[in-house]
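*Asks:* Sequence:
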Amino acid sequence: MTSRFSVPALAGSLCLVSAGTPALADALTVVTTIKPIHSIAAAVMKGVGEPHILIDGAASPHGFALKPSQATLLQGADVVFWVGPELSLSLEKPIHSMASKAEVIALMDADGIEQLDIREGANFDAHDHGHADEHGHEHDEDAHGDDDGDGHEHEHEDHADEHDDHEEHADHADHEEHDHEEEHASEDHHDHDHGEEKDAHIWLNPQNGIAIAGAMAETLAKIDPENAGTYQANAAAFAKRIQDQEKQIAAELEPVSGKKFVVFHDAYHHFEHHFDFEASGAITVSPETLASADRIAEIQHRIEELDVTCVFQEPQFEAKLVDVALEGSGARKGTLDPLGTQLENGPDLYPQLLENLARSLSDCLSGQS
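Read in order, the letters of the sequence shown are residues -25 to -1, 1 to 344 in mature numbering (1 follows the signal peptide of the UniProt record, and there is no 0).
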């Protein structure tokens, strides 16, 4: 599955690098898929180079079709970081055929990534987490910074634990052009690019974000040993920043703990589980699959039964389904964005994405939005 990048192959090109520049900074081409993964890579590569992104803006990773320029980018890639086929099945063949000389890292399989099973049905039971395969591997302290020894022990008490963007979104009209019928045969069959029934929104768990940075630093250090210290120091600084942010988010969510909410689609399980802040249901299993009338009715009943405070839409999609679900209820409407589609690309996007999720939840559930 992973094609190894040949370090000796670069030897002949090193003489072309002018004196005073990092040995591989000009030659190393790092390609990422979605905005949150690009942001983490940008943080790890700070001072050495900048990663490229394939799925930018509001484009969806589901059924994503490469442009010729993006295919060329993959062909010249030295490293490709992506979540994996669980999120972007349509990219699996292009990545492994076009990026044949690259080191391809599927971050779903990285050390330390805690995984959750996809939740079933429109309504979620409290603490229905279904830990799939928990990759509870220890991490290089240089790559992850001061994680209190392990960095992935996920203690519920301080919320430094557990889970969850995804790579999705365009408007429904655009999605319908992609013929998702084979991949999304039924809402009740959670096949939508999640081949092994695992929730692929791993980056929404801050500790998974730290693990992703560590995996990136380790990979880049092996390929570009001259800059290994920079990659590792950047990953450590990133880990410290996210650990501090976890505490702030936990404090921000505490006043609205216990309030009930429903999401547009089930993209936030990792974030919810990590902060022990669970959604009560999702309007649709996938943004590319229209919810059935039965599912909408089920959600409407759930909203009434639990006295749900907020129902969250996503900025990439029309709010019609959310409006229908809200009919006759006193629930408010809020907005959550698992991809950071409206944020500027760069190392600050990932922490901004996490903060925006927390603020949106807090504002809507407290009645401030």
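These are computed hints drawn from the structure, not numbers from a lab.
Computed from a predicted model, the values in this text were never measured in an experiment.
You may find that some hints are simply not true.
[Said to hold, decoys possible] DMTMM-like, lysine to aspartate or glutamate: derived pairs with alpha carbons at most 20 Å apart:
no.	residue 1	residue 2
1	235	95
2	308	319
3	308	273
4	68	84
5	235	253
6	222	201
7	234	251
8	76	95
9	308	323
10	234	338
11	295	269
12	234	269
13	222	293
14	215	302
15	308	279
16	215	338
17	308	282
18	235	251
19	295	319
20	235	280
21	197	25
22	308	293
23	235	302
24	295	330
25	234	253
*Asks:* Need the status of pair residue 308, residue 323: alpha-carbon distance at most 20 Å?
*Replies:* 27 Å, violated
*Asks:* Does residue 234 pair with residue 338 here, judged by a C-alpha cut-off of 20 Å?
*Replies:* Roughly 12 Å between the alpha carbons, so the hint for residue 234 and residue 338 holds.
*Asks:* Below or equal to 20 Å on CA atoms is what counts here, so check residue 308 against residue 282.
*Replies:* Satisfied, since the Cα-Cα distance of roughly 14 Å is no more than 20 Å.
*Asks:* Does residue 251 sit within 20 Å of residue 234, going by the straight-line distance between their CA atoms?
*Replies:* OK: residue 234 and residue 251 at ~12 Å, within 20 Å.
*Asks:* Is the hinted pair residue 215 and residue 338 satisfied, with a Cα-Cα distance of at most 20 Å?
*Replies:* 26 Å, violated
*Asks:* Quickly compare the C-alpha distance for residue 235 and residue 253 to 20 Å and report which way the hint goes.
*Replies:* Status holds; Cα separation ~8 Å.
*Asks:* Could you grab the alpha-carbon distance between residue 235 and residue 95 and see if it respects the 20 Å cut-off?
*Replies:* Distance ~18 Å between residue 235 and residue 95 Cα, so the pair holds.
*Asks:* What's the verdict on residue 295 and residue 330, does the C-alpha distance respect the 20 Å limit or exceed it?
*Replies:* Since the Cα atoms of residue 295 and residue 330 sit roughly 26 Å apart, the hinted pair is violated (cutoff 20 Å).
*Asks:* Does residue 234 pair with residue 269 here, judged by a C-alpha cut-off of 20 Å?
*Replies:* 25 Å, violated
*Asks:* Starting from residue 222, check that the Cα of residue 201 is at most 20 Å away, please.
*Replies:* This hinted pair is violated, its Cα atoms lying about 35 Å apart.
*Asks:* Regarding the pair residue 295 and residue 269, is the alpha-carbon distance no greater than 20 Å?
*Replies:* 16 Å, holds
*Asks:* Taking only the CA atoms, is the gap from residue 235 to residue 280 under or equal to 20 Å?
*Replies:* 11 Å, holds
The earlier numbered hints that this structure contradicts are 2, 6, 8, 9, 12, 13, 14, 16, 19, 24.
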